[in-house]
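Chemist: In the order they appear, the protein sequences are chains A and B.
With the working numbering, you'll find the first sequence wraps up at 124, consecutive numbering, no jumps.
With the working numbering, you'll find the second sequence wraps up at 157, consecutive numbering, no jumps.
It is worth saying that the hints were derived from the structure and are not from the lab.
Small disclaimer: the values here were computed from a predicted structure and weren't measured.
Please note that a few of the clues may not be correct.
Some chain B residues judged to face chain A by a derived CB distance under 7 angstroms, without partners named [said to hold, decoys possible]:
(1) Met-11
(2) Val-16
(3) Leu-72
(4) Ala-78
(5) Val-85
(6) Glu-90
(7) Gly-97
(8) Ala-113
Calculated cross-link-like contacts (lysine-lysine; reagent style BS3-like; alpha-carbon spacing at most 27 angstroms) [stated by the list, open to error]:
(9) A:Lys-21 x B:Lys-18
(10) A:Lys-17 x B:Lys-4
(11) A:Lys-75 x A:Lys-110
(12) A:Lys-95 x A:Lys-2
(13) A:Lys-110 x B:Lys-101
(14) B:Lys-4 x A:Lys-2
(15) B:Lys-101 x A:Lys-95
(16) A:Lys-110 x B:Lys-70
(17) A:Lys-21 x B:Lys-53
(18) B:Lys-4 x B:Lys-105
(19) B:Lys-18 x B:Lys-105
(20) A:Lys-68 x A:Lys-121
(21) A:Lys-2 x A:Lys-110
(22) A:Lys-2 x A:Lys-21
(23) B:Lys-101 x A:Lys-117
(24) A:Lys-17 x B:Lys-63
Away from chain B, derived, C-beta distances all over 10 angstroms, residues of chain A [to be verified]:
(25) Leu-38
(26) Met-58
(27) Ala-83
(28) Ile-90
(29) Lys-121
(30) Gly-123
Idealized CB from N, CA, C, for every residue including glycine.
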Amino acid sequence: MKVLVVDDFATMRKIIKNVLKQINIENVLEAENGKHALTVLGGDTVDLIISDWIMPEMTGIEFLKACKSDDNIKKIPFIMVTAEAQKDNIMEAIKSGVDNYIVKPFTPDKLREAIDKAKAKVGK
Amino acid sequence: MDVKFINPFIMAAQSVFKTMLGIEATMSKPVIKTSRTTSGEVTGIMGLVGDRKGTITISFRDKGALFVYKTLIGDESASINSDVVDAIGELTNIISGQARKEFEKAGVNLKAAIPMVIVGKEIELNFITTLPIVQLPFNFSVGNGTQEVMYLDFSFE
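Using the sequences plus the hints, can you model the full thing?
Modeler: So, in structure tokens, the structure goes:
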């Protein structure tokens, strides 16, 4: 499985990569915001997107909307990561087609569960 | 100090240690600090404002900080460098975020700033408030029978 991790903080990308490694997912691409992620997706195929919420240039929600309105990438399971379980944000993400979300801090098991649910939602 | 200001920090620290680092952190007796300086050698600092205001710091000795870096990121570092500093900053961010969630449950809404990290012993800090600083020491194992401490210091009003 190839995963695209999108977060403006390099350290957070490393933390997520380390959690993914603990559930045996080591093929990881990185992007520092939604705009950069779209460029990555234009040149590579991934099986899962894990994106932060608040990022400069293009936020997680804007990136989610861009993904879900693109026929080529809308079937890729999309998980949003947030530090706070803010109901309004989560509702907006659900309306925009997010396949699952996960609240920091999370364990490898919780991430595995979130990935499985997101994959099931898009029928993968 | 009202106990409702202490519990969110205890719960946040222990929960983040368990989820992000996969280890148990055991708190020893809280201390009222007589100095307003950093407790360890690598210290994340976060200001909190909103219904209340205050500052929390998350501080490790070098060995503890290197262990946290290794466990959180999966890489080893022999010395304190910018990557280790960033990791302690992110840990501070996550612990304070978790504490804010616990405060919300008690009806106290807070916003956080971006964490800063300083490296060095006994560096003077501005804790925003003039109240005493409470130090919560959390002990954790770094393997081979060795214990390290994370100091969560806060002053809150």
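Chemist: Would the least Cβ to Cβ distance between Lys-121 (chain A) and chain B come out above 10 angstroms?
Modeler: The assertion about Lys-121 (chain A) holds, with a minimum of 24 angstroms to chain B.
Chemist: Is it true that the CA of Lys-4 (chain B) sits at most 27 angstroms from the CA of Lys-2 (chain A)?
Modeler: At roughly 44 angstroms apart (the allowed maximum being 27 angstroms), Lys-2 (chain A) and Lys-4 (chain B) break the hint.
Chemist: Hint validation: Val-85 (chain B) versus chain A, beta carbon distance must be below 7 angstroms. Holds or violated?
Modeler: At about 9 angstroms, which exceeds the 7 angstroms cut-off, the nearest Cβ of chain A leaves the hint on Val-85 (chain B) violated.
Chemist: Does the structure keep Lys-68 (chain A) and Lys-121 (chain A) at a Cα separation of 27 angstroms or less?
Modeler: 13 angstroms, holds
Chemist: Next item in the hint list is Glu-90 (chain B). Is there a CB on chain A closer than 7 angstroms to its CB?
Modeler: Constraint on Glu-90 (chain B) satisfied, holds at 5 angstroms.
Chemist: Lys-2 (chain A) and Lys-110 (chain A): Cα distance at most 27 angstroms?
Modeler: Between Lys-2 (chain A) and Lys-110 (chain A) the Cα gap is close to 19 angstroms, so the pair holds against 27 angstroms.
Chemist: Checking one constraint from the list: CA of Lys-4 (chain B) to CA of Lys-105 (chain B), max 27 angstroms. Satisfied?
Modeler: Holds. Lys-4 (chain B) to Lys-105 (chain B) sits at ~10 angstroms (cutoff 27 angstroms).
Chemist: Any CB of chain A closer than 7 angstroms to the CB of Leu-72 (chain B)?
Modeler: 6 angstroms, holds
Chemist: When you check the alpha-carbon spacing of Lys-110 (chain A) and Lys-101 (chain B), does it fall within 27 angstroms?
Modeler: Cα-Cα ~19 angstroms, so holds.
Chemist: Beyond 10 angstroms on every Cβ pair: is that true for Leu-38 (chain A) relative to chain B?
Modeler: 25 angstroms, holds
Chemist: Compare the distance between the alpha carbons of Lys-21 (chain A) and Lys-53 (chain B) with 27 angstroms, and conclude whether the hinted pair is satisfied.
Modeler: 38 angstroms, violated
Chemist: Confirm or reject: Met-58 (chain A) is not an interface residue toward chain B, with every Cβ-Cβ distance exceeding 10 angstroms.
Modeler: 20 angstroms, holds
The structure fails to meet hints 1, 4, 5, 8, 10, 14, 17 and 27 from the earlier list, while all remaining hints are met.
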